[in-house]
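Take 1 as the starting number for the sequence shown in UniProt numbering and just add one per residue.
Because the hints were derived from the structure by calculation, they are not lab data. One thing to keep in mind: the hints can contain errors.
What the hints assert, rightly or not - As a list, the in silico BS3-like pairs of lysine-lysine whose alpha-carbon atoms are at most 25 Å apart: (1) 195 x 346; (2) 271 x 254; (3) 239 x 214; (4) 213 x 259; (5) 195 x 138; (6) 239 x 213; (7) 254 x 161; (8) 346 x 271; (9) 206 x 121; (10) 254 x 165; (11) 195 x 319; (12) 138 x 259; (13) 165 x 138; (14) 254 x 346; (15) 123 x 77; (16) 123 x 195.
What the hints assert, rightly or not - If you anchor each label on the Cβ, the simulated ranges turn out as follows: (17) 270 x 116: 28 to 36 Å; (18) 121 x 346: 31 to 39 Å; (19) 226 x 293: 23 to 31 Å; (20) 336 x 226: 17 to 25 Å; (21) 293 x 120: 28 to 36 Å; (22) 159 x 206: 31 to 39 Å; (23) 229 x 155: 42 to 50 Å; (24) 227 x 323: 22 to 30 Å; (25) 288 x 159: 43 to 51 Å.
Quick reminder that beta carbons are idealized off the backbone N, C-alpha and C, glycines included.
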Amino acid sequence: MKLETFIKDRLYFIFYTVLLVSLLIIAYALAVLEAGNHISISNIIYLIILAFFMMLIFLAADYIRQYRFLNQLARMKQEPSLSFEYVEAFREPLTNEQKLWMELFQQMNKVTIGQLQEQIKQKEQYELLIHQWVHQMKTPVSVISLLIQEGKRTFSNEPMKDYLKEIEEENDRFRRGLEIILHGARLQRFSEDVKSERVDLINLVKQVINEEKKQFIKRFIYPRLETELENVYVHSDRKWLHFAVSQVVFNALKYSRQKEHDSITFNIIEKESEIFLRITDQGIGIVPHDVKRVFDPFFTGENGRVQQESTGMGLYLVKEIVNRLGHGVTVQSTVSEGTTVEFFFKTNTLHER
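Taking the hints into account, I'd like the entire structure generated from these sequences.
Next comes the structure, spelled out in structure tokens:
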């Protein structure tokens with residue numbers, strides 16, 4: 001606590017002391033004059049000096065008593081997070097006022113900790129509910145997929161095949177929605193669900209393309225993998241990185257123009273000890289004022305009006321996952337020409353040629 005601040009807080013006391021001494025001097029002067037005696041200036045000066053000295057002693061003693069406590073409060077204010085242990089570490093209060101403040105801090109801390117623990121408990125219960133629900137829903141999704149495959153083998157007429165195809169598309173959309181919900185819930189415990197490993201980037205891209213081959217065929221889009229590197233390894237988590245790349249690829253497919261000879265290009269290059277994975281489509285593109293917000297949660301933009309089932313969570317999860325993995329991701333787009341999503345892997349990248 002600064003001395004200047006302390007004196008400002010005690011101005012009322014200084015003013016009161018000066019006023020009291022002034023009244024005493026006036027009373028002394030009146031009494032002397034009434035008695036017919038001569039007023040002694042030296043006595044008045046002595047009285048002023050004595051009062052001023054006593055006031056300084058009182059202020060110094062009060063400053064010493066308050067200094068330690070107020071300094072602790074100032075340090076407490078600068079703490080990024082106030083813990084109960086920090087409040088408990090306060091030195092023994094010297095005044096009743098300090099004691100009351102300490103009791104108030106401790107009570108507020110206990111209430112805050114109780115509320116925080118309750119919120120954590122509710123959050124854990126919510127996450128558990130989400131995980132259980134998603135896993136329970138995965139079973140009927142798998143059963144429906146099996147029934148669709150069986151139906152395709154059993155029924156040969158075209159109307160039934162078309163009907164089963166529509167069911168399969170809706171079932172696939174439901175499965176993707178479950179994956180987004182599940183990964184969104186797992187993101188809350190990312191540090192407990194991440195495994196650092198060497199990931200074969202080319203193999204991962206090929207796996208994603210293979211998983212989406214039905215969508216590529218359906219939308220008349222040809223996947224192109226272009227790289228001069230024979231083997232590319234990055235330090236990452238295969239499961240999380242696979243999900244992020246899959247989301248970008250599905251978005252590229254979903255917003256494609258569905259014209260023949262269109263393609264989605266996967267380009268892997270090495271530049272200045274960094275690895276870049278560029279996924280470029282020839283889709284409808286993104287309007288300029290939406291590009292900066294594509295990673296915002298629940299943001300669908302103008303393209304969301306084209307695809308009504310858009311949730312705005314896919315690219316948000318991609319950004320969150322990539323950042324937590326220590327990588328980077330950017331988006332560039334031109335309306336009616338296409339979009340390029342670029343992943344880059346920084347100093348924690350390994351590669352072999």
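Of the hints given before, which are not true for this structure? 2, 9, 12, 14, 15 and 17
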